[in-house]
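Construct the entire structure; sequences and hints are all you get.
From first to last, the protein sequence lines stand for chains A and B. Counting from 1, one number per residue, gives the positions in the first sequence under full-length UniProt numbering. Counting from 1, one number per residue, gives the positions in the second sequence under full-length UniProt numbering.
Please note that a few of the clues may not be correct.
The list treats identical chains as interchangeable, and a pair is accepted whether it falls inside one copy or across any two copies.
Keeping only pairs whose Cα atoms sit at most 30 Å apart, straight-line, the calculated DSSO-like set for lysine-lysine is [as the list claims (entries may be wrong)]: (1) K270 to K219; (2) K206 to K305; (3) K120 to K130; (4) K158 to K485.
These aren't lab readings, by the way, just hints derived from the structure by calculation. Remember, predicted model here, so these are calculated numbers, not experimental data.
What follows is each chain in one-letter form.
There are 2 protein chains.
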Amino acid sequence: MAPSIYPDYPPDLSEEQRQFLVTSVNDWSIAHGLAVRPAPSFLNQNLGISGHDVTENASQVLAIAAPLTIFPSLFPRACFEEALAIQKAYNELYAAIAQDEEWLEGIVEELIGIDDFVGKLWETHLAVKKEGYVQEHSLGLFRSDYMVHVDPQESGAKPEIKQVEFNTIASSFGGLSSQVSSLHSYLASVDAYPSAAASLQPESNKDGIVTQSPLPASKSVPSLSSGLAAAHQAYGPSKSLRPTCILFVVQDPERNVFDQRHLEYSLIQKTGIRSFRLPFQRILTDTKLDSDRNLLYHPPHSPSKSYEVSAIYFRAGYSPDDYPRAEDWQARLHLERSRAIKCPSILTHLAGCKKVQQILATPHSPHLSRFLPDEAMAARVLKTFAPIYPLDQSDAGQEARKLATDPSTAARYVLKPQREGGGNNVYRKAIPDFLKKLPESHWPAHILMEMIEPPAQRNIILRNGEIQSGGVICELGVYGTCLWKNGGVAGKGEILHNEEAGYLLRTKGDQSEEGGVAAGFGAVDSCCLVDV
Amino acid sequence: MAPSIYPDYPPDLSEEQRQFLVTSVNDWSIAHGLAVRPAPSFLNQNLGISGHDVTENASQVLAIAAPLTIFPSLFPRACFEEALAIQKAYNELYAAIAQDEEWLEGIVEELIGIDDFVGKLWETHLAVKKEGYVQEHSLGLFRSDYMVHVDPQESGAKPEIKQVEFNTIASSFGGLSSQVSSLHSYLASVDAYPSAAASLQPESNKDGIVTQSPLPASKSVPSLSSGLAAAHQAYGPSKSLRPTCILFVVQDPERNVFDQRHLEYSLIQKTGIRSFRLPFQRILTDTKLDSDRNLLYHPPHSPSKSYEVSAIYFRAGYSPDDYPRAEDWQARLHLERSRAIKCPSILTHLAGCKKVQQILATPHSPHLSRFLPDEAMAARVLKTFAPIYPLDQSDAGQEARKLATDPSTAARYVLKPQREGGGNNVYRKAIPDFLKKLPESHWPAHILMEMIEPPAQRNIILRNGEIQSGGVICELGVYGTCLWKNGGVAGKGEILHNEEAGYLLRTKGDQSEEGGVAAGFGAVDSCCLVDV
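Here it is, written out as structure tokens:
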């Protein structure tokens with residue numbers, strides 16, 4: 001954590017101001033679907049409907065405002081604009097990586113035997129490859145996550161963005177982030193914020209015309225649904241003479257269901273494209289492949305009808321927890337074999353391994369320029385990398401092992417597992433002890449990353465109807481949509497659609513060192529841009 | 001209840017179809033704010049947040065889909081169109097009544113001493129009259145409620161609409177009715193309804209072009225907020241050099257808060273007009289009159305700021321329950337004295353007495369043509385009246401007393417109290433016993449109305465996450481917005497704005513003889529129009 005670079009913010013609240021803001025936020029959020037299903041722990045087992053014991057039903061019908069910040073957090077304008085400006089280059093980079101099977105194979109080989117999940121994904125890919133892929137298009141709905149970093153060793157250092165991770169599967173909160181930026185703008189427009197919050201005021205020229213708003217809207221809902229629509233259109237007409245649809249492959253139950261539903265509603269409203277939610281466990285029950293490997297969806301609620309699936313949007317399947325049974329891997333194989341466009345394909349999923357990020361961000365790595373030939377753009381992307389080291393037997397790995405096992409140097413680092421999903425990071429001084437207990441053969445399943453030092457700031461988080469004030473850490477996620485036709489090696493494919501697709505700010509208390517709103521540790525937020 | 005005149009509807013549902021529809025409805029409703037705060041009885045006292053006993057908080061932060069029907073109910077197209085077509089005439093009628101103080105005085109005199117509430121309202125009006133009104137504009141956001149009636153004694157009788165009541169204060173559900181018609185259209189557009197539901201299919205011409213949709217959208221949200229905006233504009237610039245705002249005077253707590261919030265959000269979004277929610281009990285604390293009787297609002301959350309109130313929208317104050325203390329009547333007087341435009345003024349509030357409806361609907365009454373000079377329109381309005389009798393000493397009253405005390409004739413009638421708010425009607429054979437126990441001096445506080453016999457139909461109601469199927473009764477409410485400049489006697493005023501403002505369908509199980517979704521007995525619904 002670096003010292004603050006921001007103006008004094010947010011203003012103090014009287015009890016009446018606090019009450020007014022909380023009520024305004026609670027009501028606006030439900031009125032606009034900025035909501036989640038409540039946690040079962042919130043609804044204890046004594047909650048009954050008409051005298052029955054129906055907690056499960058209650059947690060599926062009740063809703064509550066998503067965990068969110070009362071104020072939009074401060075964010076340096078230049079950093080925000082840079083993050084959005086380079087998203088198309090990031091899309092291009094990861095589309096190229098996902099097409100370079102040989103290069104990915106080298107990475108996977110290092111992880112196989114350590115990370116079962118990566119091994120299983122690779123096996124699944126190989127099985128389809130052997131038979132031959134029948135779909136040459138791939139869709140990515142990506143999210144590149146950053147924190148603002150201020151070098152604590154350089155006085156007067158300018159803030160810059162440093163990448164935390166790049167998500168190639170199930171990038172979440174795009175459905176809610178449009179709503180939270182609207183919420184904060186609404187609160188500003190009705191003077192719900194104390195007038196002391198000067199940072200929230202738009203800049204005007206001498207004629208009183210607003211020239212610059214500090215509150216950028218997030219276009220993530222329409223942009224992400226446009227990405228799905230692009231894949232649907234690229235798929236072309238049904239070959240089986242059925243109506244076509246998109247499948248959202250989801251977890252069940254899903255507390256964050258409205259985040260996903262907003263994309264579904266935007267899709268049907270703007271493009272007329274049908275989509276269905278398919279729980280991961282029901283893939284094999286509800287879908288079939290015909291002899292041309294068209295994926296046919298048979299909705300349980302409408303047995304006489306069937307649909308040909310144009311695109312599969314994975315909001316599940318990103319974590320080993322989604323594959324408890326052998327059938328679950330059969331299900332993933334089944335989808336990968338199909339002619340539907342995958343969002344993402346298995347190679348695209350694997351491109352999101354932290355190992356890939358680590359290889360790109362290892363100092364003096366030759367890989368970035370290989371995948372991103374535009375030198376100026378590659379330089380801007382490179383600037384967003386925080387140094388990342390492998391924990392393997394390479395020279396960089398040996399260096400990293402020294403840094404990680406020495407408590408005095410470990411204090412500037414975080415140790416992260418290669419596989420997806422938060423909750424398992426090890427921070428700073430805890431790293432040496434953690435490694436001591438871990439067999440050395442398992443060390444390469446982790447990477448060592450220099451801690452990003454975000455400037456101190458404060459905010460108020462509303463969660464489960466209760467507020468907490470204090471220091472916070474913000475993570476900016478920039479969405480990108482990219483549709484490409486696979487080439488055999490990097491650069492040979494053709495990009496058909498490439499867009500920056502809005503942003504998300506996620507904010508957590510600075511006492512916690514874990515991220516992830518879904519895991520209950522963070523809140524959705526939007527940016528209040530400041531020139532610093 | 002008349003026999004059904006409708007096609008077979010809705011189609012039977014398999015367990016999978018039912019499940020799919022319920023999930024779709026629960027998710028769409030929360031994503032679009034078609035919601036209420038859950039009833040405290042739903043959240044029992046054992047519900048805790050972080051171990052605290054916070055049921056009150058929980059019931060203010062949790063939400064649940066509003067009670068609603070899974071299918072749009074069938075409604076005769078001709079009846080629907082007629083109800084909308086005559087709304088502007090109804091607006092004109094009630095604007096004229098509200099301006100005829102002398103005529104209203106005659107009615108009030110009959111009720112005073114029987115109905116304390118009417119007496120108190122009248123006293124309040126007289127007090128302001130003595131001092132002199134300083135605002136000549138009045139706004140009505142009205143709702144005229146109808147049921148379809150099929151004469152059970154005439155075979156092959158055409159369905160017609162009969163008025164149940166006319167609401168001049170706090171007409172509710174306009175904020176949700178736009179949403180419920182959107183919900184049903186969404187479900188039809190994604191084939192969530194079984195294909196057997198032929199009534200839901202749009203009609204097409206021979207070229208396949210849709211010529212007529214069976215699912216009319218309700219424009220109530222934008223229309224009602226436009227009505228409020230018209231009053232705001234008519235008020236003109238602030239005289240006290242403050243920013244202006246509209247006040248929503250509300251009950252607190254309010255489970256139906258989203259219904260009201262949707263109007264507030266539409267108002268700020270479309271017109272930029274600020275509005276605030278003011279609990280009825282806080283009127284005297286948070287507002288002041290200056291020497292010109294400008295109404296000044298001092299928001300508790302922003303003590304340094306104050307606003308001049310252009311219009312007061314009452315969503316509270318319609319029932320004696322809102323006036324437990326003497327200060328509550330002082331508060332109503334305080335608002336009535338102010339220069340703000342009232343929605344409604346006390347005279348407009350009184351124009352909504354059931355006694356007024358009864359006098360207009362007493363067979364051969366001369367009053368309708370007096371207030372509504374357009375003969376053709378008056379004839380169409382007259383056709384919507386079900387015969388209504390006073391229970392007083394007049395000739396019609398004597399006749400009514402005979403009908404009401406004889407169990408064989410009472411079976412075709414309903415007895416209603418003159419004052420507002422559901423829950424106290426006495427039906428059919430229960431009427432003679434009820435009157436036997438009531439002192440005869442109190443009889444004139446009620447009116448006797450011929451029962452409307454709606455055609456039988458079925459639907460599925462979702463409430464608190466549980467569904468109930470069965471016979472239902474539907475009530476169509478048509479909203480109207482009307483702004484006028486008061487004249488001294490009927491017809492002399494000037495109407496500045498007069499619009500039909502969308503519709504609401506409210507549906508209840510036919511086992512219950514009580515109405516009112518707020519009271520927990522009904523559900524919001526929309527129309528599936530049929531030609532019968």
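Review point. Hint numbers the structure violates, sorted upward?
Key: 4
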